[in-house]
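Asks: Residue numbers (the numbering used here), protein chains in the order written: chain Z, 399 to 969; chain W, 111 to 252.
FYI, nobody ran anything at the bench for these hints, they're computed from the structure. Even glycine gets a Cβ: it sits at the ideal position worked out from N, Cα and C. Do not rely on the hints blindly, as some may be mistaken.
Example chain W residues on the side facing chain Z (calculated, C-beta under 8 Å, incomplete) [unchecked claim]:
hint : residue
1    : E122
2    : E124
3    : F125
4    : L128
5    : R132
6    : G193
7    : M213
8    : P215
9    : R245
10   : R246
11   : N247
Far from chain Z, by Cβ distances over 12 Å, these chain W residues were calculated [unchecked claim]:
hint : residue
12   : R112
13   : E127
14   : S145
15   : S156
16   : G169
17   : I170
18   : L185
19   : L234
20   : Q236
21   : E240
22   : E243
23   : S249
Using C-beta positions, here's what the derived DEER-type ranges look like [claimed, not checked]:
hint : chain 1 : residue 1 : chain 2 : residue 2 : range
24   : Z       : G930      : W       : I152      : 40 to 48 Å
25   : Z       : P861      : W       : R136      : 44 to 52 Å
26   : Z       : K739      : W       : A237      : 36 to 44 Å
27   : Z       : R745      : W       : R136      : 33 to 41 Å
28   : W       : M182      : Z       : R798      : 51 to 59 Å
29   : W       : A237      : Z       : N841      : 56 to 64 Å
30   : W       : I152      : Z       : R798      : 28 to 36 Å
31   : Z       : F920      : W       : Q241      : 56 to 64 Å
32   : W       : R136      : Z       : F920      : 39 to 47 Å
33   : W       : A242      : Z       : P861      : 37 to 45 Å
34   : W       : M182      : Z       : R745      : 54 to 62 Å
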Amino acid sequence: MEVDNYRKIRLRLTTIFVVLITAPLAILVVMTTNSLRETAIEKIEVSLARLIEHKMDVVSLFLKEKEDLLHMMVGMYPISYLGRQENLDDLFIAVNKTGSIVDLHVIDSSGRQLAYTGPYASSLEGKNYYDAPWFQHVLIKGSHVSDVFLGFRNVPHFVVAVADPLKTYILRATINSEQFNKLLLSTQIGPHGDSFIVNRDGRLQTPSRAGITELSDEDRLLLAPHEGTAVFQRQEEIVPKTQELGQVDLPGATAIVKRQESVVATRWVKDGEWCIIVKALIEDSLDPFYALRNKIIMVIVITSAIFLTLALLFTNYLLRRIAEEDRQRAELGHQMMQMEKMATVGRLAAGIAHEINNPLQMITSQAGWIGELLPEEDRLQVRNIAEYEKAVEQIKHHVRRAGTITHRLLGFSRKISTEQQNVDINELMEETVSFIEREAQYNNVTIVRNYSPSLTTTMTDGPQLQQVFLNLINNAIDEIGPGGVIELTTAMEKEKSIRIDIADNGHGIKPENLKKIFDPFFTTKAPGKGTGLGLYISYDIVKKLGGTISVANRNSGGAVFTIVLPVIDHG
Amino acid sequence: MREFNVLVVDDEEEFRELTAKRLEKRGLKVKTAESGEKALEILEHSHTDVVLLDVKMPGIDGIETLRRIRAMKPLVEVVLLTGHASVDSGIEGMKLGAFDYLMKPIDLEPLLEKLSDANEKKRLHQAKIEQAEIRRNMSMPS
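Just chain Z, same shape as in the assembly:
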């Protein structure tokens, strides 16, 4: 029952400690890792914004360079010069050092091709472009850059067309876009990131690193106004500014959309015709975050472990204290009960002894009276007179026997002498042993002495105490029988008292007898062998000397009687 209680308390305390320690730390872990993740994602956004800005510059620059080149040429040469095939050939060789220009057309304002330099001369001969949309566009706006297409050779390229200022003719160049594809491919975040350019219809203008050929439905949404973060890098440095986006496809703004597993940045270039899309997988960039998070978790786990260990140790300590206190309280209660019981039993026994003494007196008096009168009888007439005389003597003898018991019980035979002397307990014990050593040897019982040499003397009644020692040692000798060992131990205890242990290695005392062993008339000896008063008298003497006597069974077998006497040093 009690053990159960301790288990309950332990469980409760442990639970409380675990919750108190673990819960805040767990919350800390969750909050820290979440915010760390947020920070990591924000970093991705910033670098994405930077990257896409850079790409935009690259693409814009590339396109502008080609456009400018054509503008320069149409500004420099009139139609009469460029319309001639040999002049165009010269020019093509002069400008196409990098190899990015595939071919050059010169087309007059009616759509007729005047000259062509390039690999497809035969198939394009005499073609009229007047109805082509790009042609009209150039005539109206002065220049045009087409979407990317694969063409005959399966090489991605696009067309740049420019009209001369007077719109008399158009110079058209086919440009191999692989050059800026390379630039685009080299710039991406993480091994699983992706980057490509699409046109307004969502067709890919550059190859995707991830190998997609068509925009997914989700990505297609990016081309329409959508929710996200707008970064106006030009105006506000690199600080991402969160705002509700309805118009992220405004020129000059990078739109960043955060998805479950990725962050996508979009940026319109080429006057809103092309959209650069850069994707970064969040997972790719989280390695440093994971490392940091693991470190934090480790620190917190170690901390919790330390705290938990301390808490458990504390719980153990607390429980041990509680158990110890319970035990002491129980022991104290037991002692109080024992004392009370002994007092009651003592009073009862004394009362009975008193009441018996008077009848005993009358019995012995009456018997004595008979004994006195008998000699006056006529010996011849009373035939059994000798028997009567013998009976009278027997009656007196048995009354004396009974009287001895009642006297012992009442303590008549053990008046506490008013004179107490300074007694050395070790000496007293040794003297006691000398009385019974012969009997012990006869019974083949060994007596082991563990006397403390530092024992102080105390004012007490030596002969009475010796009576107690004698009772206890005699009992022990009777109990263990041949081959037994009796250990006599003396020691100082808590400065102010002397502890005397008289232990044997016999069969011990049955638990049910432990409580009544000091009761008067309690005996386990054979009928007629013991009065059952020895321990009661010992108890009474020790109590009168201000000490305590207790008994316990030893773990190693046998019983131990413990007397604790106060050290009294006055006088």
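Given chain Z's structure and the hints, the job is docking chain W onto it.
Replies: For chain W alone, kept in the frame of chain Z given last:
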């Protein structure tokens, strides 16, 4: 054995009468009293050498009776006898000047011995006082 006067004080009649009978048979002169008050009364009006006094009695108890006897007749010796009293009352009685302290049950012989001793003490005591008086009378002749 010298003949002397004994007063047996005990609330138990049977004991009183029987003890008286047996002591008289041994040649003593015995009076009895069933209480302390009665004992004091008898002491006042008759010659008594030794009182055998029970400690526990209704009315004034043995110890109190002893105290009054010592005050009234300092020469009379008192032997306490009890089946009831504790060690403490025995010590108390001895302090008050009782000759001795006996426990019931007791045989007649040791009892008689104690009474004789008490009487002897009383007799010696008395003789000393008489001698002292004689010496005083002689040193101060009228």
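Asks: State for each hint whether it applies.
Replies: For each hint, the structure was consulted:
1. E122: holds, 7 Å
2. E124: E124(W) check passes; min Cβ-Cβ to chain Z is 6 Å, inside 8 Å.
3. F125: It holds, given that the least Cβ distance between F125(W) and chain Z is near 6 Å, below 8 Å.
4. L128: holds, 5 Å
5. R132: At about 6 Å, which falls below the 8 Å cut-off, the nearest Cβ of chain Z leaves the hint on R132(W) intact, so it holds.
6. G193: holds, 3 Å
7. M213: holds, 5 Å
8. P215: It holds, given that the least Cβ distance between P215(W) and chain Z is near 4 Å, below 8 Å.
9. R245: Check failed: Cβ of R245(W) comes no nearer than 38 Å to chain Z, outside 8 Å.
10. R246: violated, 38 Å
11. N247: Not OK, violated: N247(W) not within 8 Å of chain Z, min 43 Å.
12. R112: holds, 20 Å
13. E127: For E127(W), whose nearest Cβ neighbour in chain Z is about 10 Å away, the distance does not exceed 12 Å, so it is violated.
14. S145: holds, 17 Å
15. S156: Nearest chain Z Cβ is 25 Å from S156(W), so the label holds.
16. G169: holds, 18 Å
17. I170: holds, 19 Å
18. L185: Given a closest Cβ separation of 28 Å, the condition holds.
19. L234: holds, 27 Å
20. Q236: Holds, since 30 Å exceeds 12 Å.
21. E240: holds, 36 Å
22. E243: The claim holds: E243(W) sits with its nearest Cβ about 37 Å from chain Z, beyond 12 Å.
23. S249: holds, 42 Å
24. G930(Z) x I152(W): 40 to 48 Å: holds, 45 Å
25. P861(Z) x R136(W): 44 to 52 Å: violated, 37 Å
26. K739(Z) x A237(W): 36 to 44 Å: Between K739(Z) and A237(W), where Cβ atoms are some 56 Å apart, the hint is violated.
27. R745(Z) x R136(W): 33 to 41 Å: holds, 39 Å
28. M182(W) x R798(Z): 51 to 59 Å: violated, 36 Å
29. A237(W) x N841(Z): 56 to 64 Å: holds, 58 Å
30. I152(W) x R798(Z): 28 to 36 Å: holds, 32 Å
31. F920(Z) x Q241(W): 56 to 64 Å: holds, 59 Å
32. R136(W) x F920(Z): 39 to 47 Å: Taking Cβ atoms as reference, R136(W) and F920(Z) lie about 43 Å apart, which means the hint holds.
33. A242(W) x P861(Z): 37 to 45 Å: holds, 41 Å
34. M182(W) x R745(Z): 54 to 62 Å: violated, 35 Å
Checked against the numbered hints listed earlier, the structure breaks hints 9, 10, 11, 13, 25, 26, 28 and 34; every other hint is satisfied.
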